[in-house]
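Peer 1: Go ahead and model the full structure; you've got the sequences and the hints to work with.
Listed in order, the protein sequences are those of chains A and B. All residue numbers for the first sequence refer to the working numbering, where the first residue is 1 and numbers rise by one. All residue numbers for the second sequence refer to the working numbering, where the first residue is 1 and numbers rise by one.
In case anyone wonders, no lab produced these hints; they're calculated from the structure. Note that this is a predicted model, so its numbers are computed, not measured. Treat the hints with care, as some may be off.
From the structure, some residues in chain B lie toward chain A, with a derived Cβ separation under 10 Å [stated by the list, open to error]:
hint: 1; residue: P74
hint: 2; residue: N75
hint: 3; residue: L89
hint: 4; residue: G90
hint: 5; residue: E93
hint: 6; residue: I142
hint: 7; residue: A155
hint: 8; residue: L156
hint: 9; residue: T157
hint: 10; residue: S158
hint: 11; residue: M159
hint: 12; residue: G163
hint: 13; residue: V164
All C-beta atoms in this analysis are idealised placements derived from N, C-alpha and C, irrespective of residue type, glycine included.
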Amino acid sequence: MKLMPCPVNGLRPVSEFFYWGEVRPMPDPDRCDDAAWADYVFNRNGAPGIKKEWWYHTPSGTWFIAERDTIRDEVLRTWLHASPEAEQQ
Amino acid sequence: MRASALHDLHLARVPDGAGWIAAAGMPMPAAFPNEGDPATLALADASHWQRAGVKGPGAAAFLEALGLPVPAQPNRWTPLPRGGLIARLGLTEFFIEDAGAIARLIANAPATIGVYPVPRADTALVLTGRDANEVLLQTCNINFKALERMAGQLALTSMAGVGVLIIPQHAKSGADDIPLYRIWCDPSYGPYLYRTLLGIVEELGGGPVGMTGLDHLAPSPSDNIQPTGNP
Numbered sequence: 001m002k003l004m005p006c007p008v009n010g011l012r013p014v015s016e017f018f019y020w021g022e023v024r025p026m027p028d029p030d031r032c033d034d035a036a037w038a039d040y041v042f043n044r045n046g047a048p049g050i051k052k053e054w055w056y057h058t059p060s061g062t063w064f065i066a067e068r069d070t071i072r073d074e075v076l077r078t079w080l081h082a083s084p085e086a087e088q089q
Numbered sequence: 001m002r003a004s005a006l007h008d009l010h011l012a013r014v015p016d017g018a019g020w021i022a023a024a025g026m027p028m029p030a031a032f033p034n035e036g037d038p039a040t041l042a043l044a045d046a047s048h049w050q051r052a053g054v055k056g057p058g059a060a061a062f063l064e065a066l067g068l069p070v071p072a073q074p075n076r077w078t079p080l081p082r083g084g085l086i087a088r089l090g091l092t093e094f095f096i097e098d099a100g101a102i103a104r105l106i107a108n109a110p111a112t113i114g115v116y117p118v119p120r121a122d123t124a125l126v127l128t129g130r131d132a133n134e135v136l137l138q139t140c141n142i143n144f145k146a147l148e149r150m151a152g153q154l155a156l157t158s159m160a161g162v163g164v165l166i167i168p169q170h171a172k173s174g175a176d177d178i179p180l181y182r183i184w185c186d187p188s189y190g191p192y193l194y195r196t197l198l199g200i201v202e203e204l205g206g207g208p209v210g211m212t213g214l215d216h217l218a219p220s221p222s223d224n225i226q227p228t229g230n231p
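Peer 2: Right, here's the structure in full:
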């Protein structure tokens, strides 16, 4: 059984979670050029590596960010979006 | 009149009028044929108790202003002085179960910024008996034995594929202390979860318990609920 550490609920089976894609900062649509905006809207980075991703713990309704090594499928750490750890990112 | 989401399932086992009682305004069977022995393994419907929810950044301060003992950390619960309980489900979300007074208090409170009342109509179950952990082992993925050792803990997890809130408590059966688990889920999943749990309970030699048996196990919120420890 794969386990995922939820920052609120602790270590839980990954079946209790939902993956919501990579954390991608949105460029300001009023300031960026069309190419940068189109890149943000349409393109996704499929290259493996250490990525920040949105995850959701379904039974408790907790959204959080996980840093995951997608080559080894290993979760390095997780934190809440609005937590002090998030400030350090 | 309020009705349990499991009303039709109860009706299939106990014919209408034959031993049904009004429990807190909700028709419930007083007893089932072939009832389970609560000391060994039994499952009861406790949906007749009243529930309320509050969420939002101002929820904790709002509940404290109402004079409620608000748990300081998420995933903790504490009994209410006049029976019932209050649980902190997340950083800013709370669940309350009592005889109905607090739900009315929240409904009648003036609108406050950052406080959102959440109407709750959960299906509430009580799973009890020495073999209760066997049922949890078959339906959940977390270690409830470890959870029970930490007083005042609750778990939001998946049970047979359904998101549930589970609180471990204890009940008295004669001189013995037996494990008792309070389980809440969305009422639309209630019949599925009840059927699934009851199937396992009956396979393990247990059975359903009606209102009379439930009152002995977990007194209704106007009385005292015995917590696992001192949260």
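Peer 1: Take the hints in turn and mark each one as holding or not.
Peer 2: Here is how each hint holds up against the structure:
For the restraint placing B:P74 at the interface with chain A, the shortest Cβ-Cβ distance is roughly 5 Å, inside the 10 Å limit, so the hint holds. Annotation: interface hint on B:N75 holds; nearest CB of chain A at approximately 7 Å, less than 10 Å. Evaluation of the B:L89 hint against chain A yields a held restraint, the C-beta minimum of about 7 Å falling below 10 Å. Hint status for B:G90 relative to chain A: holds, with the closest Cβ pair at about 6 Å, below 10 Å.
Interface restraint check for B:E93: the shortest CB-CB distance to chain A comes to about 8 Å, inside 10 Å, so the restraint holds. Annotation: interface hint on B:I142 holds; nearest CB of chain A at approximately 7 Å, less than 10 Å. Of the supplied interface hints, the one on B:A155 holds, with its beta-carbon coming within about 8 Å of a beta-carbon of chain A, less than 10 Å. A hinted interface residue such as B:L156 counts as satisfied when its beta carbon comes closer than 10 Å to some beta carbon of chain A; here the least separation is about 4 Å, so the hint holds.
With a cut of 10 Å, the hint placing B:T157 at the interface with chain A holds, because the nearest CB-to-CB distance is about 5 Å. Proximity of B:S158 to chain A holds as hinted, the smallest CB-CB distance being about 5 Å (cut-off 10 Å). For B:M159, the interface hint holds, since its Cβ comes within 10 Å of a Cβ in chain A; the closest pair sits about 9 Å apart. At about 4 Å, the closest approach between the beta carbon of B:G163 and any beta carbon in chain A falls short of 10 Å, and the interface hint on this residue holds.
For B:V164, the interface hint holds, the least distance from its beta-carbon to any beta-carbon of chain A being 7 Å, beneath 10 Å.
Violated hints for the displayed structure: none, as all numbered hints are satisfied.
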